[in-house]
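Protein chains: 2
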Amino acid sequence: MAALPVSPLAPAGFPVLPAIKGVRFAAAAAGVKYKDRNDVMLAVMEPGTSVAGVFTRSATRSANVLDCQDKLGRAADGPAAILVNSGNSNAFTGHFGQTSVAEICTAVAAETGIDPARVFTASTGVIGEPLPHERITAKVADLNSALDAGALEAAAGAIMTTDTFAKGSAAEVEIGGRTVSIAGIAKGSGMIAPDMATMLVYIFTDAKVAQDALQAELSAICDRTFNCITVDSDTSTSDSLMLCATGASGVDASGNAEFSAALEKVMLDLAHQVVRDGEGATKFVEIQVTGAASDKDAKVHGLAIANSPLVKTAIAGEDPNWGRVVMAIGKSGAAADRDLLTISFGDVLVAEKGWVAPSYKEEQGAAVMKEQEITVKVDLGLGVGTATVWTCDLTHQYITINADYRS
Amino acid sequence: MAALPVSPLAPAGFPVLPAIKGVRFAAAAAGVKYKDRNDVMLAVMEPGTSVAGVFTRSATRSANVLDCQDKLGRAADGPAAILVNSGNSNAFTGHFGQTSVAEICTAVAAETGIDPARVFTASTGVIGEPLPHERITAKVADLNSALDAGALEAAAGAIMTTDTFAKGSAAEVEIGGRTVSIAGIAKGSGMIAPDMATMLVYIFTDAKVAQDALQAELSAICDRTFNCITVDSDTSTSDSLMLCATGASGVDASGNAEFSAALEKVMLDLAHQVVRDGEGATKFVEIQVTGAASDKDAKVHGLAIANSPLVKTAIAGEDPNWGRVVMAIGKSGAAADRDLLTISFGDVLVAEKGWVAPSYKEEQGAAVMKEQEITVKVDLGLGVGTATVWTCDLTHQYITINADYRS
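If you read the sequences in order, they're chains A and B.
Our numbering numbers the first residue of the first sequence as 245 and each following residue consecutively.
Our numbering numbers the first residue of the second sequence as 245 and each following residue consecutively.
Watch out, some of these pointers could steer you wrong.
If you anchor each label on the Cβ, the simulated ranges turn out as follows [said to hold, decoys possible]:
1. B/L310 x A/E418: 31 to 41 Å
2. A/H339 x B/Q532: 58 to 68 Å
3. B/G357 x A/P602: 32 to 42 Å
With a straight-line cut-off of 30 Å between C-alpha atoms, the simulated DSBU-like cross-links for lysine-lysine are [unchecked claim]:
4. B/K509 x B/K265
5. A/K621 x A/K597
6. B/K277 x A/K614
7. A/K605 x B/K277
8. B/K509 x B/K597
9. B/K509 x A/K597
10. B/K279 x A/K277
11. A/K277 x A/K315
12. B/K277 x B/K315
13. A/K597 x B/K315
14. B/K614 x B/K315
15. A/K277 x B/K315
16. A/K315 x B/K279
17. A/K315 x A/K265
18. A/K279 x B/K540
19. A/K277 x B/K605
20. A/K605 x B/K279
21. B/K597 x B/K614
22. A/K605 x A/K509
23. A/K265 x A/K605
24. A/K540 x B/K540
It should be emphasised that the hints constitute simulated quantities derived from the structure, not laboratory data.
Quantities reported herein were computed from a predicted structural model and do not represent experimental measurements.
All C-beta atoms, glycine included, are put in the ideal place defined by N, C-alpha and C.
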């Protein structure tokens, strides 16, 4: 498959990421599948690091995900490591997949001296093919000796599959006059033929946050960020989001509101970058739902709109087709009353009281749809529930990437 | 929008439909939106006709659907009528929509002498524009005087929007040495810019079946036929399925198994024709799910596979991408165990025991995917739940129809 052009929605460039005290990175070319590019990254965290994670809910999730979930469930201290490879997802590879995970964890543990129960992995790429883990384990010594606090950008590049740009984000917070840093990388939702898109996200901070608090924080913010984006409604077998707090800044950020806000900013930025790299995307779409019977209902409506092929193709065609938004709300299963709905495209009121707004002119809606970033606002008129979700349009390029190219 | 080419999956021609005793049809050109073609149909049933219906569950359903549901809920006898127009869906037209329905029902009642509470309507076409109901009511006298038992094919043509072929199906059953006939027509899921696809189905029989029994039969069979098809997971505001039993054959078919089987055959045939006219469809896909924890779980898995954009684009690309089937099963939310899954494409065993089958060769799967009709078989290995669902592939033409053309 030929290299895809960089998404028109990509940021201007990769951001400058601060070094995070207590964690070092390395990337290497192991030749898992791709030639002449880095495809393995290793992160090593100092003792005292808390590690939290959120993973795909897929019933057919990969051996790596199952292993990470098992390890996170056990309280543990000491140093920790994360090894990620691209090029092969190690998903649906039967018992061989578990062996590959064990071999990689054993190799990392042997080289770094870290308890294998604190070594986490992820794999992304082609599925159903045995992971040539020996190519990865052969590189662990090199990776370990190359560890560098400044190598997070290289790590971001190594976990890409057919992402069209590397994704990073960072924030700094002052707590009690001292600075705490947060930096994260992500991959997704580029396509790797013949595979499904996978989202991998790794975030690091030198703040000190206890394990349970870190997990609670990550899960809560994930619900408002990564769980509010969709490209095509399909869910990978490998999706993984991990947050590591090394504590090396010496600053305890547990329960600190400014830290939470900074973490959410980084997570939202990375989530948006994943949407901006959605397969074939030409429009970045924010769907703001208000007035729903509950926040949960608002999210159900928002995702129904965001996942509707008819809404997404209308946006691709720059068609202010509010009827399809009405349709998506109607089918979502959450409470709605046709005659209480209000729909706007950007700041243009389109429909209200069960019909097109008297003030609405088609050319106003058409002008909004020509923008590269589009906001769809829906008020249900029922209650105080709100949600915001993000998606992209559905274009010929999506079909081209997923149907026309063969592995 | 230029006329679409006839679907490559269309039947060879419109079937010969038997006349159904006790019901007559007429079609006319009212100029609701289209020029020079029939766009209104009227069906008039004799006294003693039982009428059953199943409608969209959309929370934003049309005024016509709300009116039909209200009328079906009230027991009633006497003659009955159905009037359907194409070209305008009368959906999301506020209180004006209710007025349009009332005006049409009043006009039909005045002309035919039928109680307006026994006059049912449906509208399909553009949404959000007021229905010019006066164009329809102006044709009611002509329609009434043209009623003919043999005009069901003309009725099938009148309810088309951008369907690429008219859809009809029929069956005859011998009960106690006498013949009972069933004939039905359908429209869907062609697109009418700038609108959503709508499915309308009308089935007539001269069997005698009590109202409650007829409704129960229709709902049960609908769950195995029309509720098992999907083109793009979007749900119309206007979907309507009605079954009218005139009793004019004098044969009571209540509880008769052969009648039920014949009715299911007609409904399944019409449901398949709707899929065969799916927007941009080039492949007709049957998904057979067995071994699920329950029938309900089996249907959830089947629809998750059938609605997955990644599965549908793989089929469009003739790619035997079983990994995407695994993905769809994993995300469906119903019970699954990766290591107990068995997946076949046609008669080719592809994956089992959590991995690709040792006997599988990619060229075998590729050969199956080149067919125009493809069967995907999934066994969960968990229980005895089964379901079969039908869908089509997702192609460039779907994007072209829904994004590139503007209203």
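Results of checking the hints against the structure:
{"no.": "1", "hint": "B/L310 x A/E418: 31 to 41 Å", "in the structure": "violated, 58 Å"}
{"no.": "2", "hint": "A/H339 x B/Q532: 58 to 68 Å", "in the structure": "violated, 27 Å"}
{"no.": "3", "hint": "B/G357 x A/P602: 32 to 42 Å", "in the structure": "holds, 40 Å"}
{"no.": "4", "hint": "B/K509 x B/K265", "in the structure": "holds, 20 Å"}
{"no.": "5", "hint": "A/K621 x A/K597", "in the structure": "holds, 15 Å"}
{"no.": "6", "hint": "B/K277 x A/K614", "in the structure": "holds, 28 Å"}
{"no.": "7", "hint": "A/K605 x B/K277", "in the structure": "holds, 21 Å"}
{"no.": "8", "hint": "B/K509 x B/K597", "in the structure": "violated, 36 Å"}
{"no.": "9", "hint": "B/K509 x A/K597", "in the structure": "violated, 42 Å"}
{"no.": "10", "hint": "B/K279 x A/K277", "in the structure": "violated, 58 Å"}
{"no.": "11", "hint": "A/K277 x A/K315", "in the structure": "holds, 28 Å"}
{"no.": "12", "hint": "B/K277 x B/K315", "in the structure": "holds, 28 Å"}
{"no.": "13", "hint": "A/K597 x B/K315", "in the structure": "holds, 25 Å"}
{"no.": "14", "hint": "B/K614 x B/K315", "in the structure": "violated, 48 Å"}
{"no.": "15", "hint": "A/K277 x B/K315", "in the structure": "violated, 64 Å"}
{"no.": "16", "hint": "A/K315 x B/K279", "in the structure": "violated, 68 Å"}
{"no.": "17", "hint": "A/K315 x A/K265", "in the structure": "holds, 24 Å"}
{"no.": "18", "hint": "A/K279 x B/K540", "in the structure": "violated, 46 Å"}
{"no.": "19", "hint": "A/K277 x B/K605", "in the structure": "holds, 21 Å"}
{"no.": "20", "hint": "A/K605 x B/K279", "in the structure": "holds, 26 Å"}
{"no.": "21", "hint": "B/K597 x B/K614", "in the structure": "holds, 26 Å"}
{"no.": "22", "hint": "A/K605 x A/K509", "in the structure": "violated, 36 Å"}
{"no.": "23", "hint": "A/K265 x A/K605", "in the structure": "violated, 56 Å"}
{"no.": "24", "hint": "A/K540 x B/K540", "in the structure": "holds, 24 Å"}
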